[in-house]
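Engineer: Turn these sequences into a full structure, and let the hints steer you where they fit.
For the protein sequence lines, the chains are A and B, in the order given. Heads up, the working numbering is the position in the first sequence plus 15, with the first residue counted as 1. Residue numbers are given in the working numbering: position 233 of the second sequence equals residue 223, and the series is strictly consecutive.
Rather than coming from a laboratory, the hints here were simulated on the basis of the structure. Take the hints with a grain of salt, since some may be wrong.
Under the rule of at most 30 Å between Cα atoms (straight-line distance), these lysine-lysine pairs were calculated in the BS3-like manner [claimed, not checked]:
(1) A:Lys74 <-> B:Lys301
(2) B:Lys237 <-> B:Lys148
(3) B:Lys301 <-> B:Lys323
(4) B:Lys148 <-> A:Lys74
(5) A:Lys74 <-> A:Lys86
(6) B:Lys323 <-> B:Lys381
(7) B:Lys323 <-> B:Lys382
(8) A:Lys86 <-> A:Lys114
(9) A:Lys114 <-> B:Lys237
What the simulated footprint calls covered on chain A by chain B, stretch by stretch (three residues with Cβ under 8 Å from a Cβ of chain B suffice, anywhere in the stretch; the number is not a length) [unchecked claim]:
(10) 60 to 70
(11) 77 to 91
Partial chain A-side listing against chain B, Cβ under 7 Å, derived [unchecked claim]:
(12) Ala47
(13) Asp99
(14) Val125
Please read these numbers as outputs of a predicted model, since none were measured by experiment. Beta carbons are placed, not taken as given, at the ideal position from N, Cα and C, and that holds for glycine.
If you want the building blocks of each chain, they are given just below.
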Amino acid sequence: MQYMALIYAVPNGEEGYEGDMMADYGQFTQDAIAAGVYVGGEALMPETDASTVRMRGGKAQITDGPFAETKETLGGYYLLECADLDEALTWAARIPSAKYGCVEVRPVMVFDQ
Amino acid sequence: MTQAALAHAFKADSGRVLASLIAQFRDFDLAEEALQDAMIEAARTWPKDGTPSNAGAWLLAVARRRALDRMRLLKRARDEALQQNLSLLAETPPEDEAAQEIPDERLRLIFTCCHPALSQEAQVALTLRTLCGLTAREIAQAFLVPHTTMNQRLTRAKAKIRNAAIPYRVPEGPEIEARLAAVLSVIYLIFNAGYSPRSPVLSAEALRLCEVVHHLQPLPETAGLWALMSLHMARDPARLNTLISLKDQDRTLWDHPAITRAITRLLHALAQSRPGPYQIQAAISALHCEAASWAETDWPQILALYGALFKLSPTPVVALNHAVAKAHAGAPKGALASLEALASALEGYQPFHAARAELLAQCGQAHAARLEYDRAIGLTSAPEEQAFLRKKLSDLP
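Structural biologist: Next comes the structure, spelled out in structure tokens:
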């Protein structure tokens, strides 16, 4: 079985975090890899960099921000390698559930080396 | 050279120079800072050395160097853009560069600024900042929001363009129509900002932007919007900075040569048989402008055009205008019935209540008309609009 762990938190809410959060994330990832349970994982850019696409009447409706209805819940994910946002949105619009739900597109965070 | 003369030279070229810088460096902030540096350099050297013959190319050449300096400082050497620019710069001697024609990147820039993944208010702000060269403070004043809010809006939009990799390109194929519609709607929002009265600065900027878009990519809807805005502006002299309804305007004050130019371009656009909402609205405006008097207005034609407009944009406001045209075309009772059907959708919309009041008065229902005018007056805070509506109210029998 594969399981996806979804990380929900208040943006920038780590201020009260005890210890070094980045180091702890690094440790967790190493532990998961060592245990053979790690398949993949990424940090995402904040909601303010999100875009949402819906297919309605054969047309892609693109909006700024994450605008899932409260009835809509996360049902899966794809990690896509694309040249720019337009390419990512074109692919996202082709995901079948975009016809009745929506697909949020969030850039993956790139950490400075 | 005075500060005013410098400011004028900057104003003429800054949009185009900034667009080129953003095209090369893909970084709005870096481009803005580099252009700022180049302007400071110009203010220092031009008064004693004279203004260069091609001021825009000079600014671009200096700004590119400043941008590269800044990138070095920021240790962005690994950035691919820098490598490309460094090799390009090595190939081009500076004197040649300043003589070059600046490639016009403004079309790509406006499509980036008006990308649907940005909120519309961000699209408007970013377009005014980058293509029109307005400061955040000026934009904040025009849209009546605090300066800090406008700064945040601009910062956030630029961050999203960078972080989400919103591309810097002109859309192609079937995509162009929808994306152009977003660009034109931003231009029209800029045109109407501060209405009423419109801000003359922003109206002129909107017309100029529309001209740039049309020059770089001629499409009938762009010409339609240009004609629509030109026709609005041509009638401004008869409004005298106050609200005078079309019916009561002195038509000799209209700018008739401007009307002729707008109609010529509109007819050329309509001849391409790709009608759109702006072309139709311009056609309606043109019929008003061509009528020698209110009584001679071609209402049946205007009614037909509103019908066509409603098919393309079926909004309650278009339906309202369609109903008003119906009344003028000789069917006030039918028009009043059409308005009743819109009552729930347009409840609280001042022009709806003003129009309903006028129709009630035409149908001899003075008491009901009075109540509607009161309602309309209560819905506007603009003193001019209130005075305009009070005058109508006092004219009732």
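Engineer: Hints first: check each against the structure and report whether it holds.
Structural biologist: The hints, checked one at a time:
As the CA atoms of Lys74 (chain A) and Lys301 (chain B) are separated by approximately 18 Å, the hinted pair is consistent with the 30 Å bound. Of the supplied pair hints, the one linking Lys237 (chain B) and Lys148 (chain B) is violated, its CA atoms being roughly 46 Å apart against a limit of 30 Å. This hinted pair checks out: Lys301 (chain B) and Lys323 (chain B) have alpha carbons roughly 23 Å apart, not beyond 30 Å. In summary, the hint linking Lys148 (chain B) to Lys74 (chain A) is supported, as the alpha carbons are separated by about 27 Å, within the 30 Å threshold.
At most 30 Å may separate the alpha-carbon atoms for a hinted pair to count; Lys74 (chain A) and Lys86 (chain A) meet this at roughly 22 Å. With a C-alpha separation of about 24 Å, the suggested pairing of Lys323 (chain B) with Lys381 (chain B) holds against the 30 Å cut-off. This hinted pair checks out: Lys323 (chain B) and Lys382 (chain B) have alpha carbons roughly 20 Å apart, not beyond 30 Å. Note on Lys86 (chain A) and Lys114 (chain A): the hinted pairing holds, with a Cα-Cα distance of about 15 Å set against a maximum of 30 Å.
A C-alpha spacing of about 48 Å is found between Lys114 (chain A) and Lys237 (chain B), which places the hinted pair above 30 Å, so the restraint is violated. Only residues whose beta carbon comes within less than 8 Å of a beta carbon in chain B count, and the region 60 to 70 of chain A has 5; three or more means the coverage holds. Closer than 8 Å: that is the beta-carbon criterion, and the region 77 to 91 of chain A has 4 residues meeting it against chain B, so the requirement of 3 holds. At a threshold of 7 Å, the smallest CB-CB gap from Ala47 (chain A) to chain B is about 27 Å, leaving the interface hint violated.
Below 7 Å, beta-carbon pairs count as interface contacts, and Asp99 (chain A) has one with chain B at about 4 Å; its hint therefore holds. For Val125 (chain A), the interface hint is violated, since its Cβ never comes within 7 Å of a Cβ in chain B; the closest pair sits about 9 Å apart.
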